[in-house]
Amino acid sequence: MTNLNAIDPAAVAEEARIENDVVIAKSSIILRRFLRNKTAVAGLVIFLALTVLSFVGGFFSAWDKETIDPFNIGMPPSAEHLLGTSQAGIDLYALMVEGTRISILIGLVVGLVSVLIAAVYGCTMAYFGGKVDKVMLFVLEALIMMPALLVVAVATSGGGNGLRENLPSWLLLIIVLLVFSWMGTARLIRSLSMSLMQRDFVKAAQYMGVPARRIVWRHLVPNIGSLLVLDITRGVTGAILAEVAFSFIGIGIKVPDVSLGVLIGQATSQVATFPWMFWVPLMVMFLLTGSLAMMNDGLRDAFDPSSSSVGSAKTGKKYKTAKKKSK
Amino acid sequence: MFRYLAKRAATYLLMIFLTTTAGYFLAVSTLQPALLEQERMPRPTPEQVTNSFRLKGLDPTLSPWERYLDWLTAVVTRWDWGRSPNGAFINAEFGDRVWISTRLFLASIVLTLIIGVALGVYTAARQYKFQDRVITSYSYLVYIVPAPIAYFLVQLGAINVNESIGERIFFVTGISTPGLEGNAWVQFVDMLAHYTVPTLAITLVGWGTYQIAQRQYLLDNVNADFVRTARAKGLTRNQAITRHALRVSFIPVAQSIAFTIPAIFAGGFFAEKIFAWPGVGSWSIDAIALQDVNAATATLAYGSVIFAIGAILADFATTLVDPRVRVQ
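One line per chain: the protein sequences are A and B, in this order. 0 is the number of the first residue of the first sequence in numbering that gives the first Met the number 0; add one for each residue after it. 0 is the number of the first residue of the second sequence in numbering that gives the first Met the number 0; add one for each residue after it.
Incorrect hints may appear among the rest.
Residues on chain A that point at chain B, a partial pick, calculated with CB under 10 Å [to be verified]:
1. Phe137
2. Met144
3. Ile239
4. Ala241
5. Ile250
6. Val254
7. Gly260
8. Ile263
9. Met284
Because the hints were derived from the structure by calculation, they are not lab data. We put the CB at the ideal spot given by N, CA and C, even for glycine.
Sequences are here, hints too, so could you generate the full structure?
Set out below in structure tokens:
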């Protein structure tokens, strides 16, 4: 374990958190397979760089997101203001750092917690079955039917509600996104664990008198573990996209809070006059979601339980050779 | 089969009722139109505000439960969805806007489905060839772009085309030219010019999901035993795919329609907002900004109904292509 820490502490910490040391022996294989995929490693590096930048980036600039520079209002990028200034004369770099941090925060929290909720909910459904399953499935489908967008709009719309005065808008958005983001994964986990319950090794464990809770923990969770990891990156991407989309049309994050979506949305009315205000946050958003997508591909290969790869971890190549043979 | 569908429909009705109820309570407890009235000039007294709201059936002094009961009896007995704070009737407002939204989405949904599935089959048949790589990369690229930003970029592109040609070919906002005179052909061309950009935008963003799903499921089946058997019996690769693999691989895609129709609907909110179509989506967001409880609930109910229709269509499509469901 210490040896692994030396290689890549971040990835190992992430795995330990997700897998909860049930499959600790597998983690080195997974790590090796992941590292073999250059695209995925590049994605991880970009994502980590952006995260670090969003936390320490503020120290590299003399400006912060509140100071107005009255001599440079709506100026293009220059030596003094790295990314230019906004229409209000605020340094765009400072706003970007702040906005990226909020966006990453929303993505990570929603991605991680929604998968956790989905895993608990889905496994409970499959574990109890029968009436409990029916009722819980009904609740789940009813939640899917609610248009999340309207609920976000209602929850974050202006007004004098006590909840809204006490909570910053990004926290409110996190809560609403959480409530509406776990259902698809929960359904998938339910169907997967139900089919796993029929498998021989689960039956054998049952006949040996292993308590059901331990069966869930020892046999079900490791088998859906790969899916959970994938859904975390997918959930993070989804949450970041949802935040940008909602803030873009003016619901979701509200000024004075800043996020990538707010920055992009504010700049749309004057793209022709102030192009840098629109394209810079948009590029950062692409980097963020793009790096996650690149990682996703590598993670899928690394966690694929059917992959017997010792050589190449790319499943794609396997298909290719199979196809060539069939010709 | 019809009994099965009827049973599903009944379940969805119950769900629509529950989501609408939950939505009503959420709206009633968070939206406070009385606060906006305070900003009017001259400023009305609290008594005047309460009085005018009571006349419209929006009495803020009643408890949420009492208001819910009133609202529910009106909906069930008279099909009256209430009034907005400014006095407009929801039913009348809704009719026009549903029609506008439907016109916007219908073409896009059909195009999205057909193009997505067709390209999915096309790329699966040419796996890892040049065309497959280009199309699939495009679908993954679309996946990381938020819908409203993609629409906005399409809009920018259309504006650029207009400017470079020096003539207004595409209308990037609005539903028709106000006060346009002319015969049916002029009207038709005008409608087409307004339709093109939003429909193109929604379709371009939409088909990626279907393409990836269809390609994936078809590839899973292309190597299956029954397809190999068909090829061993002398069918060409294309014949084996169209006669055997395609049908099986369409089942999960058909089931996913239920979940993508609400997504297109949600994307429609963005599309309506960005292309300035006065449909249900943009209306509902405006209504919520105006603290309009009844309009918010009505649009929420509409969203649930759209989802239910999508789900029932998906069930229907599944029964059409999947013999196992038909037998049950």
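Evaluated hints:
| no. | hint | in the structure |
| --- | --- | --- |
| 1 | Phe137 | 7 Å, holds |
| 2 | Met144 | 5 Å, holds |
| 3 | Ile239 | 9 Å, holds |
| 4 | Ala241 | 8 Å, holds |
| 5 | Ile250 | 7 Å, holds |
| 6 | Val254 | 15 Å, violated |
| 7 | Gly260 | 8 Å, holds |
| 8 | Ile263 | 7 Å, holds |
| 9 | Met284 | 8 Å, holds |
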